[in-house]
Structure formats: C-alpha cells, structure tokens
Amino acid sequence: LVSIFKEKKSYTGENTVEISTHGSPYIQQQVLQLVLKNGAKQAGPGEFTFRAFMNGKMDLSQAEAVADVIASTSEASHQLAIQQMRGGFSLEINQLREELIHFASLIELELDFGEEDIEFANRTDLKTLVMNLQNKLHRLIASFNYGNVVKTGVPVAIIGEPNVGKSTLLNVLLNEERAIVSSIAGTTRDTIEDEISIKGINFRFVDTAGIRDTKDEIESIGIKKSYEKIDQASVVLLLVDAVAISEEQLQQQVKMIEQRIHQKNKLLLIIANKVDKGNEKEIKQKFNSFNNVLFISAKDHHNIEQVTEKLFEHVHSGLIASNDTVVTNARHFEALTQANAALINVLEGLDNNITGDFLAMDIRQALYHLGLISGIISNEDLLDNIFSKFCIGK
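In the numbering used here, the protein residues as written are 1 to 394.
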C-alpha cells in the first residue's frame, strides 16, 4: 500500500510517500534496499521532525514535545506533552515576545533620533509592561517544579532503622514481592527501586538500607547510599515502629532528616508502622508534637491509601489550574530564567534613568532568550543537540 501526502498536509511539510508492506522483515528489507538503490537515503534521528520544524510546521518547543510524547510514561506527563505539542506553550511565549518587541522597536527608533532627544517609548508604560511580563515569567518558572516531577517521576525515599517494615511497605505499594522481607535486621543492604502510577503521576520509590551504626562493610555502603537517596528525593517517608520507638528517638531521626532536606518543596512524612501491635490512643499521643504523621500497618495493608493520597496531594499542592501552562523542559526553564534576569536589568535601568541604548541592550537579551524557546533564534549546535535525542523515524 502506497500513501501520498502533499506538502501542506504532510507531517514534514514536504511531499511524502509512505510504503506499507507485509510484516515479513525479509520483504521490508527488500523494499528498503530497492528505494535506497533508487536515490532515497535513510533518515537520521529526529530527521522527520527536524524537517517539520525547518518547514514551519511546528516551532522548536513543539518539536521537543514530540519527543516528550514518545517518552511519556504516565497519563499526566503525556497530557502535558500533548498540550505543548499543540502549541499552548508556544502561544504564550510568542505573546510575551510580541508585547516586548513593540517597546523595543520604539526605543530603537529613539536611538535613530538620538540627537533630537525624542522619547517614543513612555517609560512608565514600559515599566508597567515589564512588571506584567515578569509576573507571567515567574508563574512559568515556578511551574517547572511541578512539570519536571510529572515528566520524570517523583522520587520517594523510604527511610528508617532496620526491621521497621520498609520492605513490607514497598511491596504493599507496588502490590508485588519486590523486596525481601525478613525479621533479621539489615536484610536490605542496597537500595531497591521501582515505580507506580498514582492518579496518572509516576512515583519512583526507593527502599533503602536500614540506617544504624554497623561494622559490616557491605551494609555500611548501603547506608551511605540511603543518605544519598534522601538528598535526591522529593519526598522522604520516615518509617518507624509506632510501638517500639520513643519520642526522643523519633525527635533525633526527624532532626537528622530535616537537616538534609531543608530545601523548599521537599516533604517529610512520618509513617508510624505496626499500629496493629499497640494501643492506638497511646500511640497517637506519642506523635502529638510532630507534623505530617500517618498511622499504618503495612503487614495488614491498613491505611495504605492515606500514604498514596498524601503523596498525590503533595505534587498538586499550590498547583495548578487545568488550563495553566506548565514548563517541563529544563532548556525552557533556563531560557525563562535568563529572560527574567534581563527584565530585572530593564527595571533597574528604568529606576536609574539610564539611556535608551542600555535599555535596548537588556530588552534584546530578554527577546533573545525567549526566542531560543520557540526556535525563532537558534543555532546549529542547539538543533543538533535537540534532534539527536530523537529515535529514528520521528
């Protein structure tokens, strides 16, 4: 079957022919060799999408979203990539640029009439515009924290002393026997990682080696890795034996972890496990002075849904209207940050009444970084780096 797509209707913006063959790899190879013999060449990574970009079928951020759609592993990351591929993010960036270009052109005009000391760009209006643009940039920049974890998955470290039920909790969350469960302390000597989807968002759980003083060299290496996983995690689940632990011991463990996760946007959840082995009222009294405490029995699957619900709430806290634009790409985040820095310089220049040529230079910088996102401004190295990450045939 041969399908013909005219340039205006094709993916690449070029006249395209698609050849569909029977499923035999031998037949496919014979057809491929025949078309290569007659002048065709094999496409490189991302070449079809690169041609679509070069022919104006999509801008650079939309092209990157194609790769994100292909790589998406959860409903939420897929939806964000589709939104970007359809041009929602591009539209917002282009609107920001157009608003700034208007004033940039007026200031450039002032430079042409420098000897006549004419002011075409009202400085008060320019300051109002820049402040409004900054508000929009701040919202986009702030959305990256959410967008990045949705795209890559939320890293969750399960931390605690040996034999408090970390491996049991991991197995219950994953609904499979992923980690070895034993009454012998120190069974888990390395980190065990796996991933589950909670309401469309991927969470990457890490069951770490029990943290304690030990002379066992192998176990010590595992404990060192546990500390590293705390540093890398967005959420730390501190699992404790609800019956055996004292309030003083709990305070020490919480303090140790809080010293490592003092950065904002990280969550520490205290999971009081084995509540089935004690008096519930007495147990809860012990934890009264601590925040973010959940009471569970991993063995009996008791209150496990509270853990997953709390994780989901953390990702969505403070965010996010369903129609808001979310930044998921680190390159876009960097460009937005640089554009915002340039606008800060513009505001400082306006407050200090600097001349139009310096204002124009900072405005050009902001426009440059915004242009990098959509590909209005690009270079060969940037394009090579982006499209080389695509698979063949895209």
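There could be a bad hint or two in this list.
[Unchecked claim] Heads up, simulated DSSO-like pairs for lysine-lysine below, C-alpha to C-alpha not over 30 Å straight-line:
(1) 286 - 41
(2) 57 - 9
(3) 389 - 9
(4) 284 - 229
(5) 255 - 136
(6) 299 - 284
(7) 281 - 6
(8) 255 - 277
(9) 281 - 229
(10) 389 - 199
(11) 310 - 284
(12) 136 - 229
(13) 277 - 299
(14) 199 - 127
(15) 255 - 266
(16) 37 - 8
(17) 57 - 286
(18) 8 - 394
(19) 266 - 310
(20) 286 - 9
(21) 389 - 229
(22) 41 - 199
(23) 266 - 299
(24) 299 - 255
(25) 310 - 286
(26) 229 - 266
(27) 57 - 127
(28) 8 - 57
(29) 310 - 299
(30) 255 - 310
(31) 299 - 286
(32) 229 - 199
(33) 255 - 286
(34) 41 - 6
(35) 277 - 310
(36) 199 - 310
(37) 299 - 281
(38) 8 - 41
What the hints contain is simulated information worked out from the structure, not anything from laboratory work.
Quiz item: Hint by hint, which ones does this structure get wrong, listed from lowest number up?
Solution: Numbers 1, 5, 7, 9, 12, 14, 17, 20, 22, 27 - these are the hints that the structure violates, sorted from lowest upward.
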